[in-house]
Amino acid sequence: MLNPAYFKRKSAAINDENVVEDSYAPPIPYLSYPQKEPCQTITDARFPNELDWAHYNAKLEALPRTPNRFSLNSQFWNNHQALRHREMFDPLALRRKIQLSGDPFLSLFSTHERYRYRILNDEGEPCPPFSCEYNHVKRDGKLLAVADEAGKISILETDKDAYVEHETARKQFYAHGNAVIDVKWSKDDEHLLTASGDRTARLWDAETHECISVMAGHDLTLKCANFHPTNKNLIVTGSKDGAIKLWDTRVCGARTAGSEMTHNAIKTIQYAHDENRTKKRRRTLPTKSKPQPLERSVTAAFYLPYKDNIIASSGSYDGQIKFWDCRAGRDAQCVESSGYDGDSARPRGILNMIMDNAGTRLFTLCTDNHVYERNITDIRFSQQRYTNSDFLTGSGFYVQMSISPDDRYLLTGSREKTAFVWQVGRPQECHQFTGHEAEVSAVDWCKRDVGQLATCSDDFTVAIWNLDYSDDGY
0 MLNPAYFKRK
10 SAAINDENVV
20 EDSYAPPIPY
30 LSYPQKEPCQ
40 TITDARFPNE
50 LDWAHYNAKL
60 EALPRTPNRF
70 SLNSQFWNNH
80 QALRHREMFD
90 PLALRRKIQL
100 SGDPFLSLFS
110 THERYRYRIL
120 NDEGEPCPPF
130 SCEYNHVKRD
140 GKLLAVADEA
150 GKISILETDK
160 DAYVEHETAR
170 KQFYAHGNAV
180 IDVKWSKDDE
190 HLLTASGDRT
200 ARLWDAETHE
210 CISVMAGHDL
220 TLKCANFHPT
230 NKNLIVTGSK
240 DGAIKLWDTR
250 VCGARTAGSE
260 MTHNAIKTIQ
270 YAHDENRTKK
280 RRRTLPTKSK
290 PQPLERSVTA
300 AFYLPYKDNI
310 IASSGSYDGQ
320 IKFWDCRAGR
330 DAQCVESSGY
340 DGDSARPRGI
350 LNMIMDNAGT
360 RLFTLCTDNH
370 VYERNITDIR
380 FSQQRYTNSD
390 FLTGSGFYVQ
400 MSISPDDRYL
410 LTGSREKTAF
420 VWQVGRPQEC
430 HQFTGHEAEV
440 SAVDWCKRDV
450 GQLATCSDDF
460 TVAIWNLDYS
470 DDGY
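With numbering that gives the first Met the number 0, letter number 392 in the sequence shown gets 391, and the count goes up by one each step, no holes.
Since the hints were derived computationally from the structure, they do not count as laboratory data. Idealized CB from N, CA, C, for every residue including glycine. Careful, some of the hints might be misleading.
[What the hints assert, rightly or not] No farther apart than 20 Å at their CA atoms in a straight line, the calculated lysine to any residue pairs in the SDA-like style are these:
| hint | residue 1 | residue 2 |
| --- | --- | --- |
| 1 | Lys446 | Pro228 |
| 2 | Lys170 | Phe459 |
| 3 | Lys266 | Ile154 |
| 4 | Lys416 | Pro228 |
| 5 | Lys416 | Lys446 |
| 6 | Lys446 | Ile154 |
[To be verified] Label-pair ranges, simulated between beta-carbon atoms:
| hint | residue 1 | residue 2 | range |
| --- | --- | --- | --- |
| 7 | Glu189 | Phe380 | 38 to 44 Å |
| 8 | Arg113 | Arg138 | 16 to 22 Å |
| 9 | Arg384 | Gly252 | 40 to 46 Å |
| 10 | Ser336 | Tyr305 | 17 to 23 Å |
| 11 | Glu124 | Asn308 | 44 to 50 Å |
| 12 | Glu259 | Asp342 | 47 to 53 Å |
| 13 | Ala437 | Gln332 | 24 to 30 Å |
| 14 | Tyr305 | Ala327 | 16 to 22 Å |
| 15 | Val334 | Asn356 | 19 to 25 Å |
| 16 | Leu391 | Asp121 | 29 to 35 Å |
My request is simple: use the sequences and hints to build the entire structure.
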């Protein structure tokens, strides 16, 4: 029921015979007009009875309405209008969170042969990419670092295509003598951090490609390396040897013959994801009759953004997430841990773990073909479980995840030549990006453009996916 104040505002546009449709606007539901005195007769609107509102409401409802070019009601927006409004205003400006429909938006992504980069070694032979990450600031975030099996780092300018005339824009250098498993940009894009199968992590000048420091001390292949969120001198690494090591490039350094600065770890967490880590270990010689224990690899380790003395880690064996208090002056202590809450009778390993950009949720990719979402304030139980009948993770521990810069979409690789995307909070909706010819391993979403993402595959290519409005009419 409309109130008199509404008609008083619209009295110039309404009469008994017609209503000017372009001037019609629905009532604002959040405003109220308390009347201290009884309503007075509105003479210029010529109401026969000030209490007979039903008659005029019926006439207004019967009038044909032409929708506005840009409706004020967000539930009628298409994806293009919602994205435009979100960029111009706060998502809660109209007191309603803008929800995009996952499939229509994601179906606008496409790739083309001109945006597909082949990864080759020095002999011109194809080489599988293992990891990739977009930069943060420079070139509008369109620099993609790609690490491969040959130990090489390639810097792709993804705002250009992969045709021959632009191949000169690809910068590359050899970072390690073995496969590079992980690569990360510093927040200011001045440095690159690499983790390798040669059991070292290295810090590089992103412009000159000179090695600044070498972090040696792990016994097996490194699985991950990450910068501190606010201090790029602090680095954390995780390895297949089950250890988490903390490094400070300002201390504990020694100059080698090759003019490289070698650093030792400032803190080590041994057997981080071994349930028997507190028990005294006995040295035994391996025998043919006695099976060797399964690897207790650390598959992810990074600092929490709002608790910079806490490190989150995940394991390949126990399927647990652990929070470690790593304050200086004492040994690291596990202050919180999660259990495996999947359907399997035994714990399943975690392939990869990431945090959203807001620093409030953790996502773990598990070998049971599920992605688990947990709130960082209580990691004991998962809040959502994302899966699909076609979604297979495998157990190679090279499949990675990424989240869109607006925290709305979760991207992951898979064993089945396909990248999968879920809308966060809607695990029942899944979109598949097809086009690769082998397992999709590393993925990343551009940090400054929700309309671009990258997928790496064992078909020796890196594909760049962009929003394409050509068939949508926007």
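Hints, one by one, checked against the model:
Of the pairs offered as hints, the one joining lysine 446 and proline 228 holds, with about 15 Å between alpha carbons and a cut-off of 20 Å not exceeded. The suggested pairing of lysine 170 with phenylalanine 459 holds, with an alpha-carbon distance near 17 Å, which does not exceed 20 Å. Pair hint lysine 266 plus isoleucine 154 does not hold up; C-alpha atoms about 32 Å apart against a cutoff of 20 Å. Between lysine 416 and proline 228, the direct Cα distance comes to roughly 33 Å. Violation of the 20 Å bound is thereby established for this hinted pair.
Between lysine 416 and lysine 446, the direct Cα distance comes to roughly 24 Å. Violation of the 20 Å bound is thereby established for this hinted pair. This hinted pair checks out: lysine 446 and isoleucine 154 have alpha carbons roughly 16 Å apart, not beyond 20 Å. Taken as a hint, the range 38 to 44 Å holds for the pair glutamate 189 and phenylalanine 380, whose Cβ atoms sit roughly 40 Å apart. Range check, arginine 113 to arginine 138: about 19 Å between beta-carbon atoms, so the 16 to 22 Å window is met.
Between arginine 384 and glycine 252, the C-beta spacing of about 45 Å keeps the proposed range 40 to 46 Å intact. Checked against the hint of 17 to 23 Å, the pair serine 336 and tyrosine 305 passes, with Cβ atoms roughly 19 Å apart. Restraint check, glutamate 124 to asparagine 308: a C-beta distance of roughly 45 Å satisfies the suggested window 44 to 50 Å. At roughly 48 Å, the beta-carbon separation of glutamate 259 and aspartate 342 lies within the given 47 to 53 Å, and the hint holds.
Evaluation of the 24 to 30 Å hint for alanine 437 and glutamine 332 yields a failure: the beta carbon distance comes to about 42 Å. For the pair tyrosine 305 and alanine 327, the beta carbons lie near 19 Å from each other, so the given range of 16 to 22 Å is met. Between valine 334 and asparagine 356 the Cβ separation comes to about 24 Å, which falls inside the hinted range of 19 to 25 Å. For the hinted restraint 29 to 35 Å between leucine 391 and aspartate 121, the CB-CB distance of approximately 34 Å keeps it satisfied.
Consistency note: the structure conflicts with the earlier hints numbered 3, 4, 5 and 13.
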